[in-house]
Amino acid sequence: MVDSDSEDDVKRVVKSAKDKQMDEVIELSRAILKAMGADEWHSVSGDFDKVNKVVPKLVKSLKGQPLPRSYIRALAGLEDAVEKPKSKADLKKLNAVDARALNQLKQRVRKHNKSYAKQIAEFKANPEKAQKKVQASQQRAAAIAAGPQDDDEEEDDGFTTVGKGGKKAQGPTYTAETLNKHLRAVIEARGRKNTDKEESIRILETLYKVSANAVQQVKVLMAMVSARFDAAPVVSGYMSIPAWAKAQEHLNQLLEVLEANPQIRVFETAELQDEESDMGYKGEPIELRGSIIAFVDRLDDEFTKSLQNIDPHTTDYVDRMRDDVPLYTTIVRAQLYFERASVMDSQCRIVLRRLEHLYYRTDQVNARVEAVTLEALPKGINESKILPSAVVSDMADGTHMLCAFLYQNAEPLLRTRAMLMHIFNHALHKRYYVARDLLLMSHLQENVQQADVNTQVLYNRALAQLGMAAFRIGKIQEAFQHTQELISSGRQRELLAQGMSQQRMQQLSPEQEQLEKQRQLPFHININLELLECVFLTSSMLLEIPHMASANTNADARRSAISRVFRRMLDFNERQVFLGPPENTRDHIMAASKALAEGDWESARDLINDIKIWSLLPEAEEIKKMLASKIQIEALRTYLFTYSTQFESIGIQDLATMFGLGSPKVYSLLARMVYNEELAASLDEVSGVLIFNPANFEASSRLQQTALALSSKAGAFADINERVFELKIGGGMTANERDQRNNEGGQRDRDGRQGQQRGGKDGQRDQRNKQGGGQRNNNQGGNKGRRQNNKGGNQQRNKGGRR
Amino acid sequence: MADFDLTLRMIPSLDRQLVFPLLEFVSIKNVYKEEDLLKAKFELLSNTNMVDFTGQLYQQIHDTDELPAEFAERREAVIKKLEESEQKTEHIREVIENPEVASALRQDKLQNMKLLRENYQCTPEMVQELYNYGQLQYSCGNYGGSADMLFHFSILSTDPELTLSAMWGKLASEILLGNWEVAYEDMSKLKETIDKTHFKTPTEQLQQRTWLLHWSLFVFFNHPKGRDGIVDTFLLPQYLSTIQNACPWILRYLTAAIVTNRKRRNMIKELAKIIEQESYMYRDPITEFVEALYVDFDFDKAASKLEECEEVLEKDFFLTGAVDDFVENARYFLAEVYCRIHKRIDMAGLTKKLNMKQEEGEKWIVKLIRETRMDAKVDFKDNTVIMNPSYNPIYQQVIERTKALVFRSQVLNGAIDKRGSSAAKKGEQKQQKQQQQQNSKKRATESAPIAAQ
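The listed protein sequences correspond, in order, to chains A and B. First residue of the first sequence: 1, per the UniProt record's numbering; consecutive thereafter. First residue of the second sequence: 1, per the UniProt record's numbering; consecutive thereafter.
None of the hints are false.
Subject to a maximum C-alpha distance of 30 Å in a straight line, what follows is the list of computed DSS-like cross-link-like pairs (lysine-lysine):
| no. | chain 1 | residue 1 | chain 2 | residue 2 |
| --- | --- | --- | --- | --- |
| 1 | A | Lys385 | B | Lys200 |
| 2 | B | Lys353 | A | Lys630 |
| 3 | B | Lys301 | A | Lys625 |
| 4 | A | Lys665 | B | Lys352 |
| 5 | A | Lys665 | B | Lys377 |
| 6 | A | Lys665 | B | Lys353 |
| 7 | A | Lys246 | A | Lys379 |
| 8 | B | Lys418 | A | Lys728 |
| 9 | B | Lys301 | A | Lys665 |
| 10 | A | Lys624 | B | Lys301 |
| 11 | B | Lys367 | B | Lys353 |
| 12 | B | Lys269 | B | Lys225 |
| 13 | B | Lys418 | A | Lys713 |
| 14 | A | Lys713 | B | Lys403 |
| 15 | A | Lys728 | B | Lys403 |
| 16 | B | Lys29 | B | Lys315 |
| 17 | B | Lys301 | A | Lys630 |
| 18 | B | Lys357 | A | Lys665 |
| 19 | B | Lys377 | B | Lys301 |
| 20 | A | Lys50 | A | Lys20 |
| 21 | A | Lys665 | B | Lys269 |
| 22 | A | Lys630 | B | Lys269 |
| 23 | A | Lys20 | A | Lys53 |
| 24 | B | Lys301 | A | Lys430 |
| 25 | A | Lys18 | A | Lys60 |
To be clear, the hints were calculated from the coordinates, so they are not data collected in a lab. Keep in mind it's a predicted model, so treat the numbers as computed, not measured.
So here's chain B without its partners, still in its complex pose (with noise of 0.2 Å):
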């Protein structure tokens, strides 16, 4: 099931760190080979700091319980660095930690600093360390450190670029703790932050919306509100326009957010068309089902799509919580549009199209009629649902269309007649000239729908 595994297309967008949940998880699944994932581990983290982690992969990868002598002194040279910076840091940390600072800082960072200058000795030099201090931290592994210091950074830095990255290290940060309410907050920020900002080129801007929609894909997935957050992040234009310039891939997760996701559901019309468009960058059994059910009206190849999105779904580290929600509801949007184009249904068929057993499928059926309050019935006899299409007769339709309109003119003529006699009293002759000019455009705009028509 390799061909559907996205992982190798996410890991450019993504952190080193946050590779390695998405390694970890591909590993259990057995979707690649053990050893080659060993490696790619072991590259992964050989650029950062956590040195005795890496060590271990090492010796995992060679079979042997030796470690090279670089190992040691890397891990020594980390540590050394560690104590510098938080030397280095001390002061200045102290001076935040102080509640009285922090209630004196405001929303106006050249003020804050310099207040923090005068009353504490602190120099933009000891916030620069902060950041440093914050990035050797997180390298570390230390993430509730680096959290810290980052999000301190990013309240005293005058540095827009350097605040930036901040809130990037931070949010990683929270996500790797799995803070996800906090994670979720920071991440709406970044998103205004990267939205306001002027980026030198264009190129950079849809670099940063990239990766924002990489990173996201870790919060809205395990934030209790994501699902909903994920559909109204993603489907703004400049986030949509991204996903088709530079990531088709992240529609799968668009897709699934939106199927299993009733309150979403009105969006599946649109979600049909952009998987229609992008079909040519990008398919899996994911779009392939919502393509079959919405722009081929092929129930039976999206019924057996339906099967492979199941196993798609249970390997991918995002969606694997979500595989039993997709399914009911795919099957409930399947069964939906089933309902809208048959008037008869057998009902043999559309169990089996649903993946069911008859009995369990009847049941369910029935349920959603009962749900949903569709006008159907069950015909045991001949096993079919009837549905009642509700259609409006012309006479219906007539009476409807004509019936507000003597209301409509009797309220129109009440305000005319009130407002003739009020502005009558004020000046009878410019109110006649104004009266004239009136009726002539509106008889101007009377004859023109007309014609029109």
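Next up, chain A with everything else stripped away, as it sits in the complex (with noise of 0.2 Å):
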């Protein structure tokens, strides 16, 4: 008898104090008693002293309830034993501790049970009752409202086997009419400690058969839903897949019955309706109080968080995939029905689901998704107004229209998270002018900081993708300053929620690491990190490789570097005292910049053609060509800078039959070239000549070079003195003068520092925009940290100018 209140104890996972104090109190009173039995006086006496410590405490955070029986039952049970006279022969029998421990338990029990003489009196008298009655009020101790009929009916019931619970009694009287009663029993149980879930399950699915109408259908399954969430069992983590399956199974059972009855609303605010009313039902207008998105929201996380968890190499990931479709369905269809019952709030958010199902694919794959949807979804169902079933065959409309439809209706946050999910799909699918100036015209940069983390990966993710799109046009300095934030930082896998880096560990708290990995995003949605990496280092490549060959002539070049990242790899390259052939991207990316630095463009070419990665990307061979003439440009560039210094004029013609160059092209880089003052020469338009300033040459003289270094520092130091002395004088070079260097110098620490994460970004990024525009006047970056800053400038008098 006793053992039925405690076994089920053992299960439950989450306590109150009070549940605690009270598990602890029976068992204790357990001890009590067994010790009892078994003549352990000694024991019985430690731990009467322990329970008597709890019991006021219990007393108090139980506010007025009984005591818990087995206690009572524990002070009863020694009352007796120690009143009882004990022969001599008993005594003798305990040993010298348990005797002595005896004599003192006599004199304490006396005392003690004074108190709680009512009780025991109550107890003796009635063993059996006050057994029930403590058991009700346990049952009744979470529940906010239990209704007295609940007393009453186990009392009518003829409920007298103790222990086996008052479930089984109840079980033949289930009928419609008495449903509701049932129904709120198992609702109130629910999440309470000594709940059999498989039981309510069992009962909701009675209740369910015996259902009179819609309304009381809908209500049945809405708990069964919940029901199912809470009984499944977890498995390394996640919902097991069979109750997951269940779940899904019964949520599009209560959506179907909420299809074949429009006239039933269920929303989260709706007034609580007279239950006694369901019967006379007849199909009327009717609002039920519930949330369906709730359910389908729990039941997609459930699913993510599967697969976060499985082995994504393995078949049961694949397996598991499979459920993704009709997963789908499911949100498409609570779609329909929020849209029908016109529920604004939960239509944003299963549109946003929706979309988070989507944006990461490509439309082709998409549609194919959204015909099997189609085709699942129940017949004369209606038509969605969001995303009409006509638009389906095209899906960039498609995800057009979601996410337009979220810019109308939705609240901020859900607003961003649907814009950088457009974003990243239209990067996805090249289209990245669009999703550039989708990207610069939220302004998100501004204040994607204040975001939350879900949000920020998102955001990193959008400009991941956004910087491989950028590649794959052949922007090459847009796709390097995507990625170059995401990848400087070290943390790219933080970042992108997808892993974490291993010497990063040791610093995670085990709260933080658990945080961490509920971000993880499943391995399907994952940007492939190599790829990200090998798109920003080739980048480097034929940025950083002509503009450190320009540091030969040019002083500014030397001393700021494009990518910190790419040089450190590529010094750390050239300090290995051996050097075996190229294996893995870096090598190949690492031994083509060296070729390139030399002007050797086929070997360059071909150590990045070889790369093998690149077949990840859609059109492997297009960029492949795309590269190929970038490294002819670029190596032409470097060559020039290179050795311009050991010529006194170059024919255009060999210089195109060098570089495999149309002489037009060669001719109008050369221009470029001389047009921005990279290099210190004119053309001979008549002999088809490159002709050297002879002050190039004279450069090449290592005296001048140095004469010509020490002038510009004595001048730059002339120029710190007067500053200097200024500063005493006028309280200072202006103050603004001062910050602005300070400033400098946290830019350039922060850069190597890769701690910040998001915050500073954005700033560096300006700055470097600004930087290039200055140096590179035919680069695109400077444009477009221009066009950022036009458009920051826009924002600032009109707080956001989007369309």
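Using the supplied hints, reconstruct the complex from the two chains, each of which is provided in its own coordinate frame.
Encoded structure:
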């Protein structure tokens, strides 16, 4: 009898203080009785002390409810045992310690029991009834307002068999009339510690069978879905798959009933209905309280959780992925329901869910998924206004419509997420300009660091995808800029929520690690990090190598590196004593960089083309061609920068054959370099040669170069002296001038430190853009930086100039 | 040549009546079908109150002399309305046109209203009536009247939204009247108001700016100072981003304005960047010319684009008057870039690129050399121009950089001495402390840059 109380307790995971104390008291009382039976008075005495310590606390937290029965029983038992006159023989049987304990106990029990005399007397008078009452009150403990009929009913049922729980006795009475009563009982029992969850589901299933009309069905089904989620055994961090399937089935059932009965509206803020009127329900419009969106959310979250935990390289993962389409169908169905019932808030959330399933896939895949979904949807269902089925064949429009719906109706957070997904999707389809304009016009860079982590992850993902899109259309400068932030942080795994870097693990507390794990994206959504790095390094190579070469003639270029990460890698590579043939992506790019630096464009091209990971990009061949032509151009520029001091003039035709370019192309390249004063030279149209300035080969003399450097340093020195003096007089070179210098230092630090995640990044990028704009007249980056600034400036005035 | 015609794109951002001259122009140039244009004009005006004119158009389209009865009815109605409004506003108009009142009016609008109410029995409703009357007159094509009414209204009204609307109306009226001087002023005022006003949504402000960009074209290309104004205005960050976001085709006008304006030619590099950046959004021969010249350095392409430009410009309502100017200046730009890049230039080749005849071209080049004082000579034997690009020998550079050092140091030294002696008198101890601090600071800053370099 006592056992039935405590067995359930073991399963409980989360306990309130009250429950804990209750458990302890019951446990100890049991121990007392047990030890008493075995005549181990020493341990009885110990337990008695312990239990008396806990009881006052329990009394306080019970707030007037009766103490657990087992405690009273233990007290009563003790009293009986100690008061019972013991024969000498009995006493002799006990060892010395126990005998002494028994003696002491006698005194204490007598004294203690005085305060519980009433309960003990009651118990002794009617042990059975007392037990039942205690149990009933326990069941009620968590309930907010248990109706009086619960107790009455139990008694009416002639419920006397103690210990098997009241539920069994209820069995035969399930009818549509009493459905509400039972349903409420189940709902109230939900989450309580000794509720048998499987049992509740069984009850609900029976209730579903007897339910008289749609309203009752809906009610039962809603309880059922939540019960399913509760009952699901948690295996290795996620809901077991069969349980998940069951929950989904019930949810679909629920949606089916709702589809068949459009007059029923379910939403969170509905008025509670008078339950007794259910029976007389004749199909008039009715509002029920409940949250379908919460079910869908939960279902989807559990799906994601399972994918996070299954090893992506097993067939299990693939099997699990098969559930994606049915889940998507459920989501679409729920969306249609919300549209019909016009629950705006839920509509936005569900559309976002839907978008989350779509945005990372290509249109072709999505169109296929949509077609399957459309078939799976029951016939005669209402047409979606947000996304009419006619659009489905062209999912670029479809995605746009979903996003547009959210832009118009959703709250800012959802809007931001929708926007980011839209950007991601555009970028995925190579619509770089559209994606970029959307990003710039949304002004997300300015306030993304205030967003929650998941949104930031999404932002980073969008940025990475944008970088790849730029790369795919041959916009090297842009590709570099977009990816640079992510890569140079060295924490791209965390930033994209795709696993954790090893060396960081130690610093994380278990809680942080847990959080980080929850955030991880399922494998099939991941952006390939190696590809991302490859894109970044290739872009860096094409920008940095000519830049490094130009340092030969241009002193400014020496100081600033475009990509520090790339330079570090190159330095490291050059320091190696022995270099084997390139194996991984990075080796290939490093080797290509060295070839490029020498103007050997053919081997650079071959090395880049050998990289295997390009095959992951949809149009690998085109990209290789594009890269080859970029390499030719950059090789030419690098060659001219590097060897310009050795030439007096170069034939354009020769250059053209050397680098496999057409001579008009070479001509235009040279013209651009001359015009932008990258080369001190001029073209001779008549004889078709590039003539270098005499100053150019003068600069080749070491002495002259040093003299030039010295003179400029002396000038700088004088400048600084003057400035220091001004500072002394006027209280300083203006304060902001000093600030500016500090800031610059700060920026540079931060660049290396990698610590700052998204916070200071934008500032950094702006800074770099400005630099870029200054140095490279022909680059796009400067333009973009300015554009950003322009738009930023505009925003200051009007708080965001979105169209 | 309908490909490059911007009329369609511009119409949404213009007022009905402002579109009319555009359509007229297009019909002269035969870009579109005559019939379509007539219909378009009819559609355009059928919502205005210019009943007589609409009637004429109707006759033209349907080739009849008869007019449906509705025209007569509408005519009646309009005239009636006009008379009504005129009566309603009679009192206030008299009051305002009274010189005494005009001189009594101040900056403060509330004060003015009070004054009018107390002394002349004018109610806010009457002011409102002014607006309606102005609008009605505008709608009937009586721009002079509408300009007056709306001007008075915008002075008196306290409602910012209606004032803005009245300002737009006034600007349109002045444009249609051809009062460029006044229109120019109105436009600046409007621009100021738009920049200052706090709009509910950013979209609204963008919309207003877009309109202003379009409407201002009328003024800029007709006002004598417009060429400078357009460059300065359109390159302002807020308008530049409006162009980029909402109406990239305005780039044509910006480009044309910069090319034809020699005073603003240093803007061309900036322009080239913008054009390159927006090339995915908008391109036409005019922007392509700049792109070919400053981004690709493809002179042949630039030359062929220049030819196309002439044609496109001929058919552009705003730029038709600037064709010769544009071509002349474009040649000038082309030649300038060409000369900067080359050391030896084949005259025949250059003249060909400039779309000129041999002799004329040579003259033109010689003139250019003389005007710009380029260091260049013509070699008659080979028929080439030889440029002498100036370059700085390193000796020269070193000398230049170090020349001023001594002087600067002396000045500094003197200043320190002077300061030191004057300060010494005041408080020696304090000074010393500071000096020490300064010195250590100085040392720190001196060592820093050297390390950095």
